[in-house]
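Participant: In case you want the letters, here they are:
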Amino acid sequence: MNDFPTRRRVLAGMGILGLGALAGCGDSNKLSFKHGKDLSNEILGRTFRLKDPQGNEKTLSSFRGMMPMVFFGFTQCPAVCPTTLARAVQAKKLMGRDGDRLQVIFITLDPERDTPEVLDAYVKLFDPTFVALRGTLEQTAEVAKEFKVFFEKVPVGDTYTISHTSTSYVFDSRGVLRLGLSHSLTAQECAEDLLTVMEVC
Amino acid sequence: MKFVAKKLSVTTLNTVRHATLLIAALSFTGHAMAQTTVEDAWARATVPGQPATGAFMTLKADADSTLISVQSPAAKDTQIHQSTMKGDVMSMLPVDEVSLPAGEPVVFDANGYHIMLMGLVTQVKEGDTVPLTLKIKNAQGEEETLEVKAVARALNAPDHVHAH
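Residue numbers (this note's numbering), protein chains in the order written: chain D, 1 to 201; chain X, 1 to 164.
Zero decoy hints are in this set.
Partial chain D-side listing against chain X, Cβ under 8 Å, derived:
hint	residue
1	Gln76
2	Pro78
3	Ser163
Everything labelled a hint here was simulated from the structure, so no lab data went into it.
No residue lacks a Cβ here, since even glycine has one placed at the ideal position from N, Cα and C.
Given the sequences, and given the hints that come with them, work out the whole structure.
Facilitator: Here's what the structure looks like:
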């Protein structure tokens, strides 16, 4: 990316950590986030392989150069899923032009009911750049395990709901996991931490 | 708690498009009894093919009461659910009833109690009215029926998480 060096401005207050990070965007740099959890030393979600609604196979490296933010959910989720996606839309706006490099990825935990069509319409309604990914039940279980994401079908009447981890996982532009954003954070708080990731790599 | 779908027409869903988001709480059965008011009732719009969505509101009873059921012609199965967070795992599970302490607003939102409309009869579009029938019982065991019209907001509408 041409404008890459200009993004390496050190954030005020990052101090030594920021300078350390300048030395190169290696995997071991610890980051100091104001709100989210530093996941720089966790190795999660590196090898997923799922399909987008158009049937294209996607892996983490498909999003190289972007800052992927991965979230797990299902479209029948009334609460945390739409609010997390709506928050991602707001955070992206708050990031200004840097927001263009945020790639929101919604992985369904409910491939049985979330058809490619429903998934695509669902995420695109939030933002046309958002991507939905879907696998078979086995692939879904594997990917969740790889992210240490908990999910569990809970029978409700003659249907079911799904309890699941509500964290959003953020990778830097080289595919290194950096940040975990909890459901309780505001869009502003997410935007601040996302910019911190972006300053580093 | 589970209800069998009533074969009611849902044309109101598509035809009634109110500008107001505030709601009408209206028909009471019984006599001089406690009243429950509803504010800010809304439902989240869906995309085509999405079979479920949530409805949200604030309820306030003037005497200790209990919400015992919600029904809607918009869905095959309407339930009261509660979101709970354990660690970073969000669960949304049905509850049988919700206490409405006297004079205390009880917020139904993404983070707590909410109404789940499962098996939607048709897509809920922004601006549609989703009729809900709430049954509320007071301490004397008297039942009150509230007809609520929840107006659908965009699927991507932010929740009012930090508003209260």
